[in-house]
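Enquirer: With chain A held as given, fit chain B onto it using these hints.
These protein sequence lines map, in sequence, to chains A and B. Positions 596 to 909 (the numbering used here) are the ones given, in order, by the first sequence. Positions -4 to 496 (the numbering used here) are the ones given, in order, by the second sequence.
Derived from the structure by calculation, the hints contain no laboratory data. Since the structure is predicted, the reported quantities are computational estimates derived from the model, not experimental observations. Take these hints with a grain of salt, some might be off.
[To be verified] Covered by chain B, according to a simulated footprint, are these stretches of chain A (three or more residues, beta-carbon under 8 Å):
id, segment
1, 632 to 639
2, 729 to 737
3, 808 to 814
4, 863 to 871
Every residue gets a Cβ at the ideal spot worked out from N, C-alpha and C, and that includes glycine.
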Amino acid sequence: MKYAAKKIVTMVITLILVTFFVFLAFNFISGDAAVSMLGTNASPERLAALRHELGLDEPVLLRYVKWFAGFLRGDFGISYSYRIGVAGMIGEKIPVTLTMALYAFVIMIVISIPLGIFAAMHQEGWIDRGVSVINQVIMAIPPFFSGILITLLFGRIFRLFTPGGYVSYRTDFAGFLGYMFFPALAIALPKAAMAVRLLRGTLIREYNMDYVRTAFSRGNSTKDVLYHHMLKNALLPAVTFFGMALADMIAGSIIVEQVFSIPGLGRILLTSISNRDYPVVMAVIVIISLLVLISNTLVDIIYSLIDPRINLNE
Amino acid sequence: MKKKLISLFLMTSVLAIALCGCAGDKKGDDSSITIGIPQDLEDGLDPHKVEAAGTKEVLFNIFEGLVKPTSDGDFIPAVASAYEISEDGRTYTFTVRDNVKFHDGSKLKTSDVKYSIDRCAGLDGGTPLVAAFSNIEETVADGQTFTVKLKEPDTEFIAYMTAAIIPEANKTPDTNPIGTGPYKFVSRSPQENFIIKKFDDYYNKDLAAHIENVTFKVIGNPDTLAMEMNSGAIDLFARIPTAQAELLDDRFEIMEETMNLVQALYINNAVEPFDDVRVRQALCYAIDPKEIMLFVSDGKGTEIGSSMFPAFSKYYMPELNDTYNQDLDKAKALLEEAGYPDGFTFDITVASNYTQHVDTAQVLKQEFEKIGVTANIKLVEWDSWLSDVYNGRNYTTTVVGVDASSLTASALLERFTSASSKNFINYSNPDYDAAFANAKKATDDDEKTGYYKECLKILSEDAANVYIQDLPEFVALNKKYTGYEFYPLYVQDISKIRLAE
Chain A
596 MKYAAKKIVT MVITLILVTF FVFLAFNFIS GDAAVSMLGT NASPERLAAL RHELGLDEPV
656 LLRYVKWFAG FLRGDFGISY SYRIGVAGMI GEKIPVTLTM ALYAFVIMIV ISIPLGIFAA
716 MHQEGWIDRG VSVINQVIMA IPPFFSGILI TLLFGRIFRL FTPGGYVSYR TDFAGFLGYM
776 FFPALAIALP KAAMAVRLLR GTLIREYNMD YVRTAFSRGN STKDVLYHHM LKNALLPAVT
836 FFGMALADMI AGSIIVEQVF SIPGLGRILL TSISNRDYPV VMAVIVIISL LVLISNTLVD
896 IIYSLIDPRI NLNE
Chain B
-4 MKKKLISLFL MTSVLAIALC GCAGDKKGDD SSITIGIPQD LEDGLDPHKV EAAGTKEVLF
56 NIFEGLVKPT SDGDFIPAVA SAYEISEDGR TYTFTVRDNV KFHDGSKLKT SDVKYSIDRC
116 AGLDGGTPLV AAFSNIEETV ADGQTFTVKL KEPDTEFIAY MTAAIIPEAN KTPDTNPIGT
176 GPYKFVSRSP QENFIIKKFD DYYNKDLAAH IENVTFKVIG NPDTLAMEMN SGAIDLFARI
236 PTAQAELLDD RFEIMEETMN LVQALYINNA VEPFDDVRVR QALCYAIDPK EIMLFVSDGK
296 GTEIGSSMFP AFSKYYMPEL NDTYNQDLDK AKALLEEAGY PDGFTFDITV ASNYTQHVDT
356 AQVLKQEFEK IGVTANIKLV EWDSWLSDVY NGRNYTTTVV GVDASSLTAS ALLERFTSAS
416 SKNFINYSNP DYDAAFANAK KATDDDEKTG YYKECLKILS EDAANVYIQD LPEFVALNKK
476 YTGYEFYPLY VQDISKIRLA E
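The following block holds chain A by itself, in its conformation from the complex (with noise of 0.2 Å):
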């Protein structure tokens, strides 16, 4: 309880410090939302009258309060640029974001459990040279660029799908998960990577500790030791570096989405940043935030599971 009770208080601290940053900042940048909208055509009296149907005359700490306010209730308020709410327009793309985050993380733990379990296991090898080599490389590449790399190899040469040829969740689930899919792996491919080094490196320490001896000298097959005392050792690190991962992930994929011209949430907050529609922005932010926060309190979760001399209460 104690644990649960902590974790809310910094979670709601941490929304609170982020979105009265956002929302300050919104206040340093020039131009606002009715300078946006009416574009070339503003005279000063449409101006005002514009602001004043926006609210945006309005003092900035009063408006943040109004915004706080409604959010509590749940109200995240009407967006500027389509004048619709806020909810249902952001709730239409935290599937396709979400779905991207998801299949990234799954797309990085079936590559790199069994290839660092492989690599460490035959360590020195040609294939575990030849990993070790790819897997650099891969590090080294950012998300974007991967994506880019991606859309030339499998989009241009191979015609495996094409770029931009995004179909909606709604109207074409199989077609969309196609779609999703180079996306996912632009995401997970330099993630992968280094959970592969990772979990090859614990899986070598622990391969020289004096409890495997033991193991071995009991008459334990390699597999026996591996999958029954050495695999459970070595995943702890790795499960906290898959936590920050899939918190990485849901931020990455903001940039993935504009490598792929994916309508997620990633494009609505740039669109809305730009247009200045702060109440989308700030909605944006505050659930790629909780999402973060969650994705961090479930790895603090299965910690404890795995390694049950972890209290969470301390």
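Expert: Relative to chain A, chain B alone:
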């Protein structure tokens, strides 16, 4: 171990490839078309309030005014079956059709017309949408007749009667657009698409739409546009960048037109040293529009010498292109005369999202160096440009394209009168103000045109701005379709597009 690993890999990749097969290519539903748009409709859907050109060009298919523009710059009756302008240019009388239906099935009434025009004019308590509407004294709806009375004579006023007629009963025009146009709104998904459908009860069978379902798809990443088009996912894209157009295969037809805007180095006439006409003229003598076009768009584009583009053939004066021809010695002499023998340094502020303008600024910088003037290019985001440069007038020079919001010369020229709130270059010349006022007042068409031409001449001789070109525009259309028409306005008329035989 090894086997398991390999089979795992195989499984994931097979799964991925299998799923990919479903994506992409939409199979030939004959009466549908997908049109790529570079940005979403981001300022609501209320036809009277939207300002973004990208929004207006899409909504053009949903809404109609009493009259509507044609592709050759004329006006044809739309919701009104006929109209009459009084001798003195102050009374406009429209006969409203009695067989027009709104998209929600309700019948259009003359009171809806009055409601719409009053709303535009701010007679309902709001602010007039454009300055021209503040000229309306009163509107009268009587049976099928609708009359607009103006305070001052204005023979160009018909251009503003393209304002959308909307039903008074619709309380949410922001999100639920109901009009009388050939297409009706179906649905939208932010940053994804905007879907419209042919309106079967359209009153004019001759102008009814051909294609049944139209999807406007927002293109998030312009660099993959050609790939997407080649895959068949997009059939039409207007204003396609040259680099992408070159990648299209031969299933596409590329049509060329001009963008109908005045691209220039706009100069803040109120700041030193540009308050001196000789300095501005020196800049005009320093540049060669041909060189700019060569760099920006492979030599395509049309040179202009004043604030008017060629599509307005009635007013466009090609002879003004030669007011200044590149002459570096003359430019240097003018600078010396103005007291800047060693040149000076200034900023060119450019909105970074407009590649053509940024490229143009690069060439200008090179050209100005030859007369000893140093230009620093300052890239800003579009919204900062709007608030600092355009509304705040806090800049020295900027490269941008200015378009006409309606099919009138005053749409381009009014902004340079001293008192105009849109005069972002702070230009002020009593002769110009007088000529413009005369043009506005004149009811005789030749006289009016004469005064407008005088305005253009003054702008050119005063070197109010360094005029460059009307940019080229390329439209890519899948050859499955035909009938695309260019308008002298920012408009995508989908109702004209039909399947090719």
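Enquirer: Please go over all the hints and tell whether each is borne out by the structure.
Expert: How the hints compare with the structure:
With 8 residues having a Cβ less than 8 Å from any Cβ of chain B, the segment 632 to 639 of chain A passes the three-residue criterion, so the hint holds. Counting residues of the segment 729 to 737 of chain A whose beta carbon lies closer than 8 Å to any beta carbon of chain B gives 0, which falls short of the minimum of three for the stated coverage. Counting residues of the segment 808 to 814 of chain A whose beta carbon lies closer than 8 Å to any beta carbon of chain B gives 0, which falls short of the minimum of three for the stated coverage. Figure legend: the segment 863 to 871 of chain A, annotated as covered by chain B; annotation consistent (5 residues with Cβ-Cβ distances under 8 Å, at least 3 required).
Of the hints listed earlier, those the structure fails to meet are numbers 2 and 3, in rising order.
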